[in-house]
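In this note's numbering, the protein residues as written are 3 to 119.
What the hints contain is simulated information worked out from the structure, not anything from laboratory work.
Be aware that a few hints might be false.
Calculated cross-link-like contacts (lysine-lysine; reagent style DSBU-like; alpha-carbon spacing at most 35 Å) [unchecked claim]:
no. : residue 1 : residue 2
1   : 101       : 117
2   : 80        : 104
3   : 117       : 33
4   : 110       : 19
5   : 33        : 62
6   : 104       : 33
7   : 119       : 19
8   : 33        : 47
9   : 117       : 48
10  : 19        : 117
11  : 19        : 62
12  : 80        : 110
13  : 51        : 117
14  : 80        : 23
15  : 51        : 106
16  : 19        : 5
17  : 33        : 51
18  : 110       : 33
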Amino acid sequence: LFKALGGFAVNRSKTTKLTTKMAEFINSQDKIALALAPEGTRSNKKYWKTGFYYIALEAKVPIAFAVMDYENRQIGIKDSFMPTGDIDADMEIIRNFFKDIKGKHPDKQGSIEIKPK
Numbered sequence: 003l004f005k006a007l008g009g010f011a012v013n014r015s016k017t018t019k020l021t022t023k024m025a026e027f028i029n030s031q032d033k034i035a036l037a038l039a040p041e042g043t044r045s046n047k048k049y050w051k052t053g054f055y056y057i058a059l060e061a062k063v064p065i066a067f068a069v070m071d072y073e074n075r076q077i078g079i080k081d082s083f084m085p086t087g088d089i090d091a092d093m094e095i096i097r098n099f100f101k102d103i104k105g106k107h108p109d110k111q112g113s114i115e116i117k118p119k
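Input sequences plus hints: build the corresponding full structure.
As structure tokens, this is what we get:
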């Protein structure tokens with residue numbers, strides 16, 4: 003289903019300038035919805051990947067908060083914001099939004115952090 007909807011996996015073993023290519027692709031479309039999993043996996047990881055942030059920043063499009071909150075039985079897109087270029091401040095906005103959201107497997111839910119510079 004993922005591939006049938008236009009999805010593809012990212013090969014992280016080599017540099018491909020995917021962020022820039024994705025921003026260019028987004029800007030070439032009249033309408034587009036792009037969904038990314040910033041954790042980069044379905045398992046618990048210490049840090050989020052930052053590609054989602056830089057794609058949105060470069061394409062000048064908002065980051066929308068999609069949620070599957072099992073505890074409160076809610077699913078949907080709840081809010082959005084424009085990235086400012088200050089990733090640390092913007093990650094604080096993201097952390098504050100998701101702080102009370104609980105997934106189906108909270109034990110697999112990592113913290114919302116990016117690797118220190």
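Here's how the hints hold up against the structure:
no.	hint	verdict
1	101 <-> 117	holds (19 Å)
2	80 <-> 104	holds (14 Å)
3	117 <-> 33	holds (32 Å)
4	110 <-> 19	holds (29 Å)
5	33 <-> 62	holds (14 Å)
6	104 <-> 33	holds (31 Å)
7	119 <-> 19	holds (20 Å)
8	33 <-> 47	holds (32 Å)
9	117 <-> 48	holds (9 Å)
10	19 <-> 117	holds (19 Å)
11	19 <-> 62	holds (17 Å)
12	80 <-> 110	holds (22 Å)
13	51 <-> 117	holds (8 Å)
14	80 <-> 23	holds (27 Å)
15	51 <-> 106	holds (21 Å)
16	19 <-> 5	holds (21 Å)
17	33 <-> 51	holds (25 Å)
18	110 <-> 33	holds (33 Å)
Violated hints: none; the structure is consistent with every hint.
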